[in-house]
Amino acid sequence: MSSRDQILTAVKANQPPLMTLPALDSFFESPKNELIIKFTQVLSSIGGSVIEVEDETEIGAFIREHYPLANIRAISPLANMQGIADRYEAENNPHKLENVELAILPAHFAVAENGACWLSETLLAERVLPFITQHLILVVNKNDILPTMHEAYQKISDETYGYGTFIAGPSKTADIEQSLVLGAHGARSLLVFLV
Amino acid sequence: MKTLNHAQNAANFNKDEKRVDWHDETLWWIRQKRDKSAFQIPEWESLRDAASAIKANTLSNLHQYLIEFEKNALANGVKIHWARDAKEHNDIVYGLLKEKGIDKMVKSKSMLTEECHLNEYLERKGIEVIDSDLGERIVQLAKEPPSHIVLPCIHKKKEEIGELFHEHLGTPAGNADPQVLTEAARIHLRETFLTRKAALTGVNFAVAETGEIVICTNEGNADMGAHLADLHIACMGIEKLVPSRAHLAVFLRLLARSATGQPITTYSSHFAKPRAGKELHIVLVDNGRTRQLGRAEFRNSLKCIRCGACMNTCPVYRRSGGHSYHNAIAGPIGAILAPNLAMKEYADLPFASTLCGSCSNVCPVKIDIHDQLYKWRQVLVKEGHTTTAKQLAMQTMATTLSSPTLFKIAGKTARVTLKYAPFMVNNKFNAWYLQRDMPKVPKSSFSEWYQTNRKQNEQ
Ligand code: SF4
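So the sequence lines, in the order shown, correspond to chains A and B. The first sequence begins at 1 in the numbering used here and counts up by one. The second sequence begins at 196 in the numbering used here and counts up by one.
Okay, chain A solo, but in the shape it has when bound (with noise of 0.2 Å):
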């Protein structure tokens, strides 16, 4: 017998006679107004930054004023970012992405109790490119922010999707006698804009 098949056996005899799923009905939270409030609290407390716009022609000009541009490579896939930032073409080789700065990159939305928002290949040119970059630039709709991660996973129930991630603030460890750094292996700052 394969080990598949000898595994299978054991789990079969031994597993427990059914018990149910619970439901999760209860966790689903009422819209709330505050939610942009709540999601820009959480992320500053993990070390991100948010910043609320009207429109994109704010985010490019914010960029332009805070970011060397001239000096530095930026990437990103968003149409009215080019100027700021180069399209990327997926090229299937990441390596090449290796002294990207600054990737400025759109989510599908965001999440207010945790602070993290979610994007999938689709958004991504190389899914390396929001770890790889040093910096990294989200933009969400404001009218795309769920209460807790319930109304997340409903709303990619049906997705399909090669990758995934929720990014949640800067990369960061403790793992020095707990002294927080921000920076680990991922980007080393996390600004999202709220459009």
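Simulated from the structure, these hints should not be mistaken for laboratory data. From the three backbone atoms N, C-alpha and C, an ideal C-beta is built for every residue, glycine too. There could be a bad hint or two in this list.
Far from chain B, some chain A residues (derived; all Cβ distances over 10 Å) [what the hints assert, rightly or not]:
| no. | residue |
| --- | --- |
| 1 | Leu18 |
| 2 | Glu34 |
| 3 | Val128 |
Below, a list of computed lysine-lysine pairs in the BS3-like style, where the Cα atoms sit at most 25 Å apart [to be verified]:
| no. | chain 1 | residue 1 | chain 2 | residue 2 |
| --- | --- | --- | --- | --- |
| 4 | A | Lys96 | B | Lys577 |
| 5 | B | Lys231 | A | Lys12 |
| 6 | B | Lys468 | A | Lys32 |
| 7 | B | Lys228 | A | Lys38 |
| 8 | A | Lys155 | B | Lys468 |
| 9 | A | Lys96 | B | Lys473 |
On the provided structure of chain A, position chain B with the ligand as indicated by the hints.
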């Protein structure tokens, strides 16, 4: 060499009292962060109930879920492997590397590979493995195992880490600034990520409904490794399954809050398909899990999501250190998982507890940890895996507790003994006394007190 038991290891750890206090306080601080975070969620207790019930369902239908997971993962273009034990797991990983002619691999945190001693095995085969989680890299450089499942080098002082980094990564001598050391590790490991063709990761959750796996990190190391490599190998115990995506919500809400008090880990990455032209292999490992599934009293230990909360809160763990458990997984949960792997070798661990129940109180999936510790003691005594002294003590206690008269006499004897002949208790044959001052002796027992006071009240 005979491995020392928990009590002997703990005695060694306790030689440096200041360090023990520091270790104790650091972990308690993390426990407090967990509390603060949990208290912010009014539905916290219902979430724990739901998590426990989802895992109970998963374990009761694991056969079906495993088949479903495999089917969906295969349809996603993922390769699936099954390993009955640690050796088969290690052979599979080595086989995949050998087939591709790869002799260097980067690895992110996986307690399963610690359980299987994969690093040592691969090194013997001439494969270089670099751990990329900062804490794991530190203990790897120090040639030590992790002492905690979430905080691998929680036992190390920053000065010791500074010395290690000076020796291995060339940081300035005497520099112990966490910022400087982390930056040095970032640069060193970035080079590693960019040059490795194979990356191995653990798995936090696997979804039967979709065939995807979820990996949670704060550092981003699992993603950096996996997205830059041609070959991604993900290793998981068969108990990591959850039925569907909707259930991930419950676990992701609980995991980081229980572990460190964060609302969620920085990255929660969902891998469903390999990158175009690349390979994703998932190794499903039994290694004793089906046996534990069959033990009704200990089955619940398979619900564990490896948050580490039971360790942070445990008074014994905090004051004895992770290494004293001589097992990949330390603390209360390690003490109920280990005897299933090798009963004789780990017979000491279920006794490394005061049964105070703090672990069960914080466990996000509501495992009855301290009850299981107690039940293991019964099993271990029955199977003859404890010392005669311990057996005698347990037997005396069982007889005494089951007889009210004997209990009263025993109590009286103890009170008299403690008062007039403390050396009878405070001797080297009584292991419990070694690190402790015995309590002041009450003049009367509770029942004596109750009798007197009740009489007074009735008068
Ligand atoms: S037993 Fe519970 S508290 Fe301990 S690590 Fe596992 S899930 Fe966390």
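Task: List of violated hint numbers, smallest to largest - done: 1, 3, 4, 5 and 6
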